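If you want the building blocks of each chain, they are given just below.
Number of protein chains: 2
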Amino acid sequence: MTNQTRIAIYGYGNLGRGVELAIRQNPDMRLVAFFTRRDPAALTTLSPDVPVYHADELTARAAEIDVLILCGGSARDLPVQSPACARHFNIVDSFDTHARIPEHFAAVDAAAQEGGHVALISAGWDPGMFSLMRLLGSCILPEGRDYTFWGRGVSQGHSDAIRRIEGVVDARQYTVPVEAALESVRAGENPTLTARQKHTRECFVVAQEGADLKRIEREIVTMPNYFDEYDTTVTFITMEEMKRDHAALPHGGFVLRTGVTGSDGQTPQMIEYGLKLGSNPEFTACVLLCCARAVARMHREGMKGCKTIFDVPPAYFSPKSGEELRRTLL
Amino acid sequence: MTNQTRIAIYGYGNLGRGVELAIRQNPDMRLVAFFTRRDPAALTTLSPDVPVYHADELTARAAEIDVLILCGGSARDLPVQSPACARHFNIVDSFDTHARIPEHFAAVDAAAQEGGHVALISAGWDPGMFSLMRLLGSCILPEGRDYTFWGRGVSQGHSDAIRRIEGVVDARQYTVPVEAALESVRAGENPTLTARQKHTRECFVVAQEGADLKRIEREIVTMPNYFDEYDTTVTFITMEEMKRDHAALPHGGFVLRTGVTGSDGQTPQMIEYGLKLGSNPEFTACVLLCCARAVARMHREGMKGCKTIFDVPPAYFSPKSGEELRRTLL
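From first to last, the protein sequence lines are chains A and B.
Position 145 of the first sequence, counted from 1, bears residue number 145 in this note's numbering, the numbering being contiguous throughout.
Position 280 of the second sequence, counted from 1, bears residue number 280 in this note's numbering, the numbering being contiguous throughout.
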């Protein structure tokens with residue numbers, strides 16, 4: 001295929017590998033490079049023909065790349081990498097610290113404007129597709145409420161928090177929506193829900209031999225911010241069970257908008273969007289890649305600066321022409 | 001509120017009334033006129049302060065209107081009205097004859113380009129929000145299938161078809177998704193489904209006194225295109241029951257995208273979008289109004305020509321600033 005969009009991946013964890021695989025499902029995209037802060041020689045990817053460069057070489061390679069997809073973490077990597085890279089590349093990132101999006105946007109926008117590039121931040125499913133659903137729901141049904149439920153799925157942050165407890169060898173935390181709460185929303189009851197009423201937390205923990213399990217459990221369920229506001233269950237398992245039953249990273253959730261229309265505000269209307277993901281990072285990667293396609297097109301059209309999923313005409317996510325989209329999907 | 005968008009409604013049936021009511025929920029919008037092909041003096045709206053003009057006056061009033069929302073039917077009204085009006089106004093329509101969208105687009109685009117206006121066609125929920133979900137699903141999960149189910153809801157076209165049968169006084173037809181088919185899709189079984197396997201049709205019929213009910217039932221269930229490919233049930237009811245139990249126009253449905261990701265294509269991923277609408281025309285009207293907001297903004301930014309929901313940056317549907325949307329909804 002000619003005119004492929006040349007994609008590079010910066011950071012090679014679960015998300016980077018997801019992007020690598022997603023590119024294989026999109027013939028209009030071509031993977032041209034990996035960048036890593038580790039020793040490139042030590043990095044084994046699934047694409048032996050694609051060169052791995054040290055991150056120090058990023059700027060020197062800019063001319064070979066249409067869009068750079070940043071696959072680092074939101075806590076430490078992206079706040080630095082996204083603005084630095086947006087100066088030299090069109091970029092996509094999955095920055096997901098909701099409260100810090102405005103400052104991240106400002107930093108990336110300044111760099112992208114200066115460099116004449118397009119940067120799309122906070123892509124994925126939340127922020128990302130779920131944000132888009134919250135926006136559409138609030139526009140269509142202005143007199144209404146929205147509800148976001150997450151899970152059943154692995155929360156990386158909560159799993160990490162458990163691993164930091166003394167005596168814990170490994171841990172996996174599942175966030176689970178409370179079925180009764182979800183049903184109440186679906187029934188149009190417009191409930192006001194506390195954190196505890198919306199989600200429960202299920203923890204699977206491998207402890208060191210001889211560790212005080214009662215103490216570990218207590219430290220988990222009382223942990224501020226992470227667990228104290230939820231009903232949390234802790235199940236101790238063996239490392240074998242962990243590897244056998246908890247290797248995948250499933251996730252998902254629901255965005256619901258309930259509202260009313262009509263002369264007396266008595267007509268109930270409901271919108272529900274749900275995701276059931278076999279792999280959170282692989283799905284997120286698919287969204288990032290669609291965004292990379294959109295970014296490349298926006299750049300070709302002369303745009304610049306920082307964008308979010310709210311700014312992208314949906315047709316830009318597709319490799320198909322407007323005519324074909326109207327004929328086949330409208 | 002200053003800088004309100006001035007909306008006019010052309011055609012005053014269920015959809016026109018829905019737009020009239022939706023404007024009351026959106027303080028940035030103002031209803032400035034109704035247009036009708038009937039005698040304006042004979043039209044009683046819910047907004048006695050808003051003038052009703054004959055359609056002949058449309059062109060003369062163009063300067064008073066930012067966006068004209070066309071609320072006529074797709075069979076006879078919109079193919080003529082939309083191109084004619086797009087020459088003089090920014091317009092939104094809900095043209096829903098899927099097979100004829102390309103030619104409708106071409107006719108409206110030519111008129112809008114010539115007049116320097118923006119026209120958004122085929123807005124609503126299908127075509128409209130469902131189309132958007134089909135597009136997003138196919139972009140995110142290119143190796144996958146999509147499924148659209150409609151209902152439970154009233155099909156106006158099928159109800160009308162029954163009313164044309166001799167001996168029928170009134171009729172209401174509900175399209176109902178087959179639960180087993182929906183569950184099979186949700187279970188990731190990727191079924192291939194016939195029309196009969198996806199939907200059933202429930203008909204409620206008021207017959208003339210003394211009419212041959214067996215003949216009416218036979219004529220319904222064997223009617224080509226409308227019923228012969230479906231499992232159809234016919235229930236005869238009284239006019240009282242019709243008025244009491246079937247006055248509302250509920251509808252809804254589901255768009256599902258099932259796909260796979262990963263190195264071996266073995267990771268299942270599923271996206272589901274569902275609508276449960278107390279009133280089909282009132283919800284459609286809400287979507288049209290969001291589109292009118294977007295059209296007004298696109299026109300202010302100097303765009304022209306025919307657009308669809310695929311071409312609109314989602315932020316344009318909202319009265320809020322990009323900064324506020326990022327802070328509150330992303």
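I should point out that these hints are in silico values taken from the structure, not numbers from a laboratory.
From a predicted model like this one, the values you see are computed outputs, not experimental measurements.
Keep in mind that the hints are not guaranteed to be accurate.
One copy or two, either will do: identical chains are not told apart, so a pair holds if it fits within one copy or between any two.
[Unchecked claim] In silico EDC-like pairs for lysine to aspartate or glutamate, Cα to Cα no more than 16 Å straight-line:
1. Lys276 to Glu189
2. Lys214 to Glu143
3. Lys304 to Glu57
4. Lys243 to Glu323
5. Lys320 to Glu209
6. Lys320 to Glu143
7. Lys243 to Asp170
8. Lys276 to Asp146
9. Lys276 to Glu103
10. Lys243 to Glu57
11. Lys320 to Asp28
12. Lys214 to Asp39
13. Lys304 to Asp66
14. Lys304 to Glu114
15. Lys243 to Glu189
16. Lys320 to Asp109
Measure nothing new, just compare the shortest in-copy and cross-copy C-alpha distances for Lys276 and Glu103 to 16 Å and report within, between, both or neither. Answer is neither; intra-copy 31 Å and inter-copy 38 Å both fail.
Could you place Lys243 and Asp170 in one of the four classes (within, between, both, neither) given a Cα distance threshold of 16 Å? within (10 Å within a copy, 63 Å between copies)
State whether the alpha carbon distance between Lys304 and Asp66 is at most 16 Å within one copy, between copies, both, or neither. within (14 Å within a copy, 29 Å between copies)
Checking an output row: Lys320 and Asp28, CA cutoff 16 Å. Within, between, both or neither? within (10 Å within a copy, 35 Å between copies)
At most 16 Å between C-alpha atoms: does Lys304 with Glu57 qualify within a copy, between copies, both, or neither? Classified as neither: same-chain Cα gap 24 Å, cross-chain 44 Å, threshold 16 Å.
Within a copy, between copies, both or neither: where do Lys243 and Glu189 come within 16 Å Cα-Cα? Result: close neither inside a copy nor across copies, 41 Å intra and 27 Å inter.
Given identical chains, is Lys320 near Glu143, meaning Cα to Cα at most 16 Å, within a copy, between copies, both, or neither? Classified as between; 15 Å across copies, 36 Å inside a copy.
Given a CA cutoff of 16 Å, do Lys276 and Glu189 count as a within-copy pair, a between-copy pair, both, or neither? between (24 Å within a copy, 14 Å between copies)
Intra/inter-copy verdict for Lys243 and Glu57 if alpha-carbon distance must be at most 16 Å: Neither. Shortest intra-copy (37 Å) and inter-copy (74 Å) distances fail the 16 Å Cα cut-off.
With 16 Å as the alpha-carbon cut-off, assign the pair Lys214 and Glu143 to within, between, both or neither. Neither, since 48 Å and 47 Å both go past 16 Å.
Can you tell me if Lys304 and Glu114 fall within 16 Å by alpha carbon in one copy, between copies, both or neither? within (9 Å within a copy, 30 Å between copies)
Can you tell me if Lys320 and Glu209 fall within 16 Å by alpha carbon in one copy, between copies, both or neither? Neither: 57 Å inside a chain and 56 Å across chains, both beyond 16 Å.
Checked against the numbered hints listed earlier, the structure breaks hints 2, 3, 4, 5, 9, 10, 12, 15, 16; every other hint is satisfied.
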